[in-house]
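Once you know that position 431 of the sequence shown is 700 in this note's numbering, the rest is easy, because the numbers rise by one and skip nothing.
Just so you know, these hints were derived from the structure itself, not from any lab. Ideal Cβ placement from N, Cα and C applies to all residues, glycine included. Any given hint could turn out to be false.
Distance ranges between label pairs, derived from CB positions [as the list claims (entries may be wrong)]:
{"hint": "1", "residue 1": "Phe-403", "residue 2": "Val-291", "range": "42 to 52 Å"}
{"hint": "2", "residue 1": "Ala-527", "residue 2": "Asp-738", "range": "19 to 29 Å"}
{"hint": "3", "residue 1": "Asp-343", "residue 2": "Asp-310", "range": "32 to 42 Å"}
{"hint": "4", "residue 1": "Glu-341", "residue 2": "Leu-597", "range": "41 to 51 Å"}
{"hint": "5", "residue 1": "Gly-427", "residue 2": "Phe-403", "range": "27 to 37 Å"}
{"hint": "6", "residue 1": "Ser-312", "residue 2": "Lys-383", "range": "48 to 58 Å"}
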Amino acid sequence: MRLANHGTSASPFEVAVKDGRVIQVNEQKMADGSVIVLGTDISNIVKANIELKKSQHRMAIAQQIGQFGSWERDLSTNERYWSASLYTVFGLEPEEIPMTQERLIELVHPDDRKLVARISVDNSRDLSQDALEFRIVRPDGTIRQIQSIGEVALDDFGQPARVNGTVHDITEFKAIEAQLHQVQRLEAIGQLTGGIAHDFNNLLAIIKGNLQLLELRDVLDEDDKEFLFESLAATDRRADLTYQLLAFARKQPLRPDATDAKVIIEGMKEMLQRTLSEAIEQRFELNGQGSIMVDPQQLENAILNLAINARDAMPDGGRLTFTIEDRLIETDGVDAGGIVEAANYCVITVRDTGVGMDENALEHAFEPFFTSKEFGKGSGLGLSMVHGFAGQSHGYATIDSTVDEGTAVSIYLPLITHDDQAAISSEIEPKTLYGDGQLILILEDETALRKTTAKMLQRLNYKILQAADWTEASAILESDIKIDLLFSDVVLPGNLSGPELRNHLRDNYPLQKVLYCSGYVDQVSTFGADREFQEKLLYKPYSVEVLATEIHAALREA
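Produce the entire structure from the sequences given, and follow the hints as far as they go.
Structure (structure tokens):
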């Protein structure tokens with residue numbers, strides 16, 4: 270016996286028996302020398318303690334992984350308890366120093382100290398109402414944003430006794446949230462911009478069509494022709510403006526093809542040399558090995574826009590570096606330049622050593638019409654066009670800039686594999702092709718544009734019928750009149766429009782030849798990569814030559 274061996278009682282002690290139970294033994298020596306031994310089965314208590322320790326260990330790991338910490342404050346003594354993971358959130362060693370209200374305030378960012386200091390014993394009830402967000406400055410100088418949530422526990426008399434709470438490091442979450450808001454703001458601006466471009470393109474189509482009708486007449490003298498040519502050139506310039514707006518809105522018509530970015534930049538070297546000043550040193554680090562599926566001409570325009578921006582940022586000269594590299598993005602995410610999908614990317618970067626951008630300029634750099642240049646020196650569409658082109662090409666763009674050090678703009682475009690099918694793009698030389706009196710039904714809700722298009726087609730030797738909406742058009746299609754071609758806007762007020770129009774024509778008029786046109790509409794994007802539709806789509810504003818070519822091709826279709 271233990272009592273006999275030691276001469277004194279060392280109770281209680283625990284004994285593990287063969288069946289796995291744990292017995293707590295209590296020995297008591299009586300006055301007559303006898304010993305009373307009591308055994309209590311405490312297996313459930315021991316098991317519960319073991320599970321409690323496991324739970325505490327799991328909680329500690331979870332807090333560490335999730336950058337959480339827990340705390341408790343006794344409101345009567347103001348003593349504080351911090352979990353080990355909470356010290357980690359604040360960049361401290363566990364139990365490094367006793368945590369007091371004064372020490373906590375020292376760790377808070379100076380601009381947020383008044384907010385945190387208001388949370389005291391006197392208004393402790395406020396802690397259980399809303400999450401408190403503030404910034405801290407760790408001992409190493411890094412700034413983190415945290416969220417603290419507390420809950421007040423009451424004593425038996427209904428008075429606040431203590432506050433229990435958690436702290437969560439939300440720095441990364443706030444950064445992603447800000448980036449997502451930036452993306453959403455750009456998307457909203459893009460929708461507005463695209464709508465403006467749509468209306469503007471309809472007006473340009475009317476102006477350009479009527480000017481070209483005048484051009485086809487033989488009654489103009491040389492002065493009148495000069496005025497006419499200048500007006501046509503102006504409409505083309507305005508069309509370029511709307512094209513840039515459409516690029517930002519990600520609704521510009523693209524002709525993607527398998528493209529080697531290195532070949533594009535190599536082919537631009539002579540043009541870049543003419544565009545940039547002699548005071549700018551050009552460097553090329555073209556190391557990427559893969560191909561990308563993009564519109565080569567629009568990629569060239571994007572790179573040229575970046576080069577011109579860089580030139581303007583280096584008025585006294587500097588260094589401009591063009592780099593290409595392949596980069597793997599392993600996880601999906603959000604960047605200020607757009608939604609980021611995990612993929613292998615070709616990264617095209619244009620880096621200058623110019624004046625750089627401040628924080629405000631960086632925040633708005635991708636927005637159309639925002640420019641840091643002097644009034645009249647820039648439209649502010651260059652970077653917005655790059656942003657839109659990258660997004661429409663299933664990639665994204667980023668900006669890294671430091672004031673007085675320079676700016677780097679990177680375009681991330683997904684690499685394609687050898688199994689990807691390259692899109693086939695072909696350019697038809699514009700020339701005027703005349704008809705043979707075929708009957709064309711024009712379906713267009715814009716009255717002025719419908720009449721202008723009718724006059725253009727009549728000059729091209731076609732017969733014309735007109736409809737302002739689907740009700741009028743369907744009545745003609747269902748009559749005995751033989752229509753050779755339906756020339757229809759993609760979006761119409763009410764009735765059928767967009768994909769519904771295309772599907773209805775395919776199901777009910779399968780032999781009807783159709784050519785669509787659009788100035789920009791959201792519905793066009795819903796056709797996605799529908800190559801059959803894209804090949805039957807004419808974008809406004811169009812010239813007489815292009816209209817003649819597309820009508821001729823549509824009529825010849827089997």
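Which numbered hints fail: 2
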